[in-house]
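Protein chains in written order, with my numbering: chain A, 1 to 99; chain B, 1 to 467; chain C, 1 to 656; chain D, 1 to 512; chain E, 1 to 164.
Hints listed in this document are in silico derivations from the structure and should not be mistaken for laboratory results.
Here the structure is a predicted model, which means the values were calculated and not measured.
One thing to keep in mind: the hints can contain errors.
[To be verified] Distance condition first, Cα-Cα at most 35 angstroms in a straight line; then the derived DSBU-like pairs of lysine-lysine: (1) LYS98/A x LYS26/E; (2) LYS423/B x LYS507/D; (3) LYS98/A x LYS423/B; (4) LYS423/B x LYS210/D; (5) LYS507/D x LYS210/D; (6) LYS171/D x LYS98/A; (7) LYS141/B x LYS98/A.
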Amino acid sequence: MGLQAYLTLAAIVFCLGLFGTVTRRNTVGILLGIELMLNAVNINFVAFSRFRGIETGMVFTLFAICITVAEVALGLAIVILLFRTRRSAMADHIDWLKG
Amino acid sequence: MKVMLGLGGLMAAVLLLGLFKPAVPDRRCGWLSLFGLIGLAAWSFFVRPGESLFSDAFVLDPLAIFAQRLFLVSAAVSVLATLGLSGDGFARRGAEYHVALLASLLGMFVLAAARDLVLLFVAFELMSIPLYFLSGFQKRKDIASEGALKFFLVGSVSSAILLYGFSFIFGVTGTTAMGAIPGALASGQILAKLGLVLVLAGVAFKIAAVPFHMWVPDTYEAAVTPFVAWLSVAPKAAGFIVVFRLYLEGAGSAGYMWVPVVSALAGLTIVAGNLMAIPQQNVKRLLAYSGVAHIGYMLIGIAAMSANAAGMVLFYLVAYLFGNMGAFFVVQAVGSGEETDSMSGYRGLAQRSPVLALSMLVFLLSLGGIPFVAGFWAKLFIFKAAIDQHMYGLALLGAVLTIVALYYYLVLASRMYIDTPEKGGRVPLAAPLFLAILFCALGVVVMGLYPEPWVRAALNATAGLFS
Amino acid sequence: MMTSSPAALALAALLLPAAAFLIIGVLPPLRRSGRPAAWFSIACTAAAFVSAILAWRATRGLAQPIHAVWSWLSGAHGPFATVGVLVDAQSTSMLLLVTLVALLVQVYSTCYLSDEPAPALGRYYALQSLFAFSMMGVVLAPTLLQLFICWELVGVCSCLLIGFWYRKPEAARAALKAFWTTKAGDVGLLIGIVLLHRATGTFDLVELRQLAAAGQIPLAGLSIITFCVYLGAAGKSAQFPLHVWLPDAMEGPTPVSALIHAATMVTAGVYLLTRMEWLFALTPQVMAIVAWNGALTALLAAILACVQTDIKRVLAYSTVSQLGYMMAAIGAGYAGAGFFHLLTHGIFKALLFLGAGAVIHAVGSNDVADMGRLARRMPQTAVVFLVGTLSLAGVPLFAGFVSKEEVLGAVWAGGFAVPFFGLLLAAFLTAFYMFRVVFLAFFGHRPTEADTVLVGHGQTQTNTVLIGRRQAQATMDPGQSHDLSHNVGHGVTHAHDAPFVMTGPLWVLAMIAMAIGIYFTIRAPEAEFHAPGWVTPSAIAVALSGIALAWLTYQKRAISADALATAFAPIRRAAIAKFWLDDIYLAIYRSVLLTFSRAIGWTDRYLVDGVLNVVSAWTLDAGDRLRRMQTGKVQDYVWAVGLGLLALMAWIGVAW
Amino acid sequence: MTRLPVLSIITWSPFVAALIIMAFARHRPLLVRLTATLGAAIPLALAGWLCFAYDRSAAGFQFGESWPLVPSFGISYSLALDGIGLVLVLLTAIILFAGVFASWTVKTRGQEFYALLLLLVTGVFGVFVSLDLFVFFLFYEIAVLPMYLLIGIWGSSGEIRPQGLFGWAFKRTGVGTKEYAAMKLTLYLLLGSAFILVGILALYTAAGSKSFSFLDLQQFQFSARLQSWVFLAFYVGFGILAGIWPLHTWSPDGHASAPTAVSMLHAGVLMKLGAYGVVRLGLGLTPGGAVEWAWLVGAIASINIVYGALSAMAQTDLKYVVAYSSVSHMGIVMLGIATLTEQGLNGAVFQMVAHGIMTGLFFALVGLVYEKAHSRAIFTMGGFGQMMPGIATAFAIGGFSSLGLPATAGFVAEFLTFVGAWASAHPWWLLPGVIGAFLTSIYVLRVVRQIFWGPTSADPHFHDLPDAQGTEWVALVFLVCILIIFGVVPQLIVAPIDTATVPLLVKLGVMR
Amino acid sequence: MTLGIVAFWAFAVILVGAGLAVVIGKNLFHSVLWLALALIATAGIFLTLDAEFIAAVQVLLYAGGVVTVVVFAIVVTERLVGERLSHTSRHIVAGAVVSGGLLALLVRALSQAHLDMARPALSGDLTRQIGTSLLTQFALPFELLAVLLVVGLLGASYFARPEE
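Pulled out of the complex, with its shape left as it was, chain A reads as follows:
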């Protein structure tokens, strides 16, 4: 398969993730969307890296994965924190700050 196929796949996944973040009501759902987006980026990196024959792309992916994990952990902690006070994980309800 050519590079283009990989990239297109990544683009599709990326946009799916974006769609998820924009449309999900649940904060966790939004997080899942973000994971998809990051996942798409990783495909991109690895694909470029492989087709360029340069391993730094893979390194990039490694970093990205690690950071993502940290990010997700922090994000979920915030969600849980909010959950404790608001009794809801609905992002729609988290709109005390606005205007």
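Since the structure of chain A is already known, use the hints to place chains B, C, D and E on it.
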């Protein structure tokens, strides 16, 4: 590099101090961070450019050093103001707070000098993730976690977009070295353009350009004020450094392709930021929106695409640092005294606490771009840079919206000066906070009265970008 | 030697009253002390009078006018405007008239206004001094600019003196009416001066005259200039249709009327035209306008005077009428005749006014209906008043005769036949209405209800109402207008001659009027023109017939005044309505000017400023609307990021 | 040279006084006032001295001082004075001096009031003396800003009924309140300053000489197109401050709401900054633009004159009458400038001085009347002349000057302007000028009659009002005297002005 | 190569399908499981790109770590609330427009790019290369990553810790 290591050491020290003195309500961590930061800041002024490490992935050029000083000073001032916060809760968890802040600072520090995409990305994330944490630091306040959540979610999406952009850049250049970007762009590779556009969106989130700004008011309103003061300046500055590195440095004539979009972003940001600030009753939100508008002005400097203009963006950042942080500090003082960030808390402030009111006035005037305070020169230089590039429309738009900005600044001023106070007595003001306000006021006034050295420093820092 | 040179003398005459004004003005204690201020002012005016006499003597036989100027405004090429004195026979004789009448009036006023509170008296004399200075400034002006300056100053003095009893609404209104009407004319004069300066490059009368003589004044547009100048003169000298202010100006104290609104200020217009006759001579069309309008004014004012019952108003209209004579003469091209009439008129009209003032002072009313048989109680006043009246009527051996005959001759000689007959008719009417006043006030019998009807019911009623109001006011507020309050109780029966301070000036003026009359009847002045021989007899004839008609109607009652009134009913109605001029002006002021100004004021507030407010309101609303986009929902924030990204990508053109 | 930096002393002594007031005079009202008097007297004395010391034969800019401020941008703190600046500095000193006395009775927060007032005047002085465009601009801003607080704190609100097509907008903006007036004024003037700044920067960039010095820029021949639009920018920017139609609407509201001394200074001096800017920068730096746009300037000035006078006639609030009369009179100033003739320009500058003093006097009087009668509604008052003869006299003299009566400064100014107008390329400008003067005579005297003449008002509040007392006299007598002196001996003012206008016109190429 | 192609398509279909299920599914818990599937499918894609190490990391860290954390969070929150979390979508059209538009632009850009490069032969041990460069060229980011993880955990624990 040594300063950076010092910063890492400081972070470790604070962490250790926090580990060994857990949950003790004192401010030792804060003082340690403060003195450490002051020391480092002082040290940073003796650093000379030229250091280059990790096969040119980390280069200390004048721009990096300028930015690092800015980060250090702003962090020091913020920590100083933090020491003025009242309440045990904060002091008890001081170690976490300061470690996170120092970590974020470390990220900015590296970011400023990074010439490699991997390093840049990691530094970017190192800067961002503690910010999410810090913005939700007052976890007992339920809006704090809401602000943090919004910041986090939008930030994560933006990180993803940024990283996606990086992937394309890497794909086109075949290397993670940033030096290869201009060449790729110049060769007209569409994916290079695509990558840079995606990165631009990611960075636009960080600097809060419209329409990537929407997290700003919510997060600012929710977070603890001294941190917001810093959040409103340092990460923005870092974002601009990224812009310099990726879009201006060595770009040559290829950089001109960014002029229309950046101009549009700038115009949109100025207009929307200023207009949305008008109806705000919460001063923190007002400053948040006004901060968004300021980003727009700085973007004009970017759009002008010249070393001069870039220098003026740096100058603007410094002026903005003093003015905006100072304003937030006053908000902090009034907020802790009156237990409200609403405009009504400012009624008759001039008669209750004249010094506080005067400092606020000075900060507001500086933000509004009035002569004899720093903000005036900043706006002026930006407009001049725009006019030099024959961007009259943008300069005019900026000038006209400055009037709108002055409207809401003056409304706040009228609360302080024209309204009669509802209650008597001074607003209590902690000594460290007072010092921080004084420092900012001094900065604003000194810059306003004698901008020459600052201008020279800023121009010096960006001189290399276009060579 | 400078001190004796005419210029220095004239300058002294000019500056003495100025000094008096300044000293009275800047020393409040002196001003508030009243009487000392009065005597100080009188002393200065007397000194000025002496200087004027000396200057007049010094200029007799002077071939060239003496011209002394100092720079007032500088310009790139020498002084732009100068001030100074221009001394020649004309100006010194006018100077003499002004200082003389001013002096006499000031002396007279010390008694006439003796009941005024001290500060008001001080104010009065300060203004009198200022007036004297300004009037002399007009007279001696070597440049049109100085003339204009002093011209306006006399106007303001006139306004302030008319409004001397400023608490009386009528006085206040009359003062402003006088100011505005003359100011309207002055706008013309100002334009004229500005235009003339542009055309010739100078304001200086001497230089202008030289230019005119050399034919170097461009004729194109000159008639506009002269017409504008004439407008100014018409305003000041109460020419139709700008004469409306003068009768109302009688609300001022009578000595003021004598000085300003009879002898001096109102003649300034005539004087101006006399000074510039050589310029007007270049524009015959304007000259014709001057002549025709002069005759028209003379006639109309004479008609108006016939229906007045207020003694001062009769005199005021007669002044308007006589000013018309002077203008007609100038328009006919013989300014000398006009100027001569100006001088004689100044004397006898001042005499008449001061005499009337004595009567009013004694009777406490302006209305002739309240008078009658005063000759018996006030013999001195009656005599001098009669001298004045005969003079005005143009009876030989009296001052007015010579000059009026000159005027008539001049108009005929100038080829203005219709105006000439108009003037002749006016002369007849003049004799009639003046003697009507004389018979009603000084002779005849105590007035009855029937008498008042004769002259027009409406008018009398107005006057009665007026007096009633004054009385009410006087009782309400004893501090003001007390020459009336003090006198109101007197009535005709207790009237008596005034003390010498008042009669003295009357006698002086009467003597001068007689002397001039006799002198010039014996030694007729050298005429500049050839008037046909029948002019003099016909003038005498119309005067005498006018007197006769008045005698028959009001003394002998051989002719019923009612019959006369019916016979001339349409004219009378028009005259009582003052030819509706006041109504027209009032309509213009109220309906046009004030309404228009209100419309503009509304426009400014609600439309011009409205636009600004709309823009501001839009801005505020835009803020509100945009703010609502900030929904607080994080998905929307992310969506905005996505949208921004989309827009960026689309714009930068990554895909095409 | 070790010469005394006179101009700096003039400029900064009010500022120093303000600092002293803020620092040392807390809760000591008399000390505040004495310090302010001193801070006003020093410039007055020095300005008087300058009038004599100014070398008329040498003309040009004198008493120069210069220190570099931001060398990398060619900004230097350089001050100097020519004939126009000289008389305007004198005017400012006079009005300031009178204003200090006129606000002697300010009760609330007097310390801050005087400090801000003096600060503002520092800006005004600075504008008139600075030779560096940048410094000029800085001072300009100082002159504008304190106004916000001065009006906002010490001003007075009126009531304006929203009506008409745009009534909804009036409700939204809160028209009539002092906050509204202060905000409108400040924002409007700052908007103007944005135009000015753009103009200055454009010239600076085009010249490329790295200098903001007026003298350097004056040497430079800018392209016709640049001159054209930069002049327009200057015209609009400064014109807002000078109250050109239709950008004048801040002025009536602002002046009516402002406290006495502020109205005096603002209408008396600040509006002149605008006209001065048009002369100094517009004519001086962009002569081509000035010639090109003279028709517009003159036409709008004509509108100003007549429109302002008619608007003034329609007002029922005394302060609004005076405020609109300023709009009308500033029209005469602008008309004089537009004539581009010696007399016209002299007249314009003279009118700046004359109107400054006159309107200062007017506002002082309105303030006094208000203080005594607590009313500004013209048609409720009446017969005050008996009770306050001093105020009545001063008002009448001010009114006479306003309508251009000779022997007051107003006449000379108007006359010169009219001469200039007729000599200009558009002679018909003369007509609006004289019509305006005539209309002025109507509305001014109408007000005088209503308030001071006639029988005493029926309203018992208006009985037994005192005349001016004590320090209140100072401002009145001082201004009246100056008004008359300048009217009688105009040469005092015209001579220095002429030294500046003639070279300007020569440079404009309309005069040899 | 056919195996590669088939594998690619298989994984791609799974990936996209699972992704779709993640973003439109009604059950949050199922969504997480679909995400796990998607991540594993991504690992498969990596395998087709000869990146075994990355694939392993992907499975272990990502699919393992992330999904575990998320499931944990869901369980915690559900326990807190005591009811099933609703998991619906909103503004689908607006979201679809933006993401669809973005996709269109991306695909168009990709189709215009010159991506016809051949896959180069593998040279040496990729994992070793990665390791080497991590400790040399990328030592600094590596260190920073450590700091980042520390701070991230610090923050997470700070938030997650119940109020004292």
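_Hint numbers contradicted by this structure_ = Numbers 2 and 4, in rising order.
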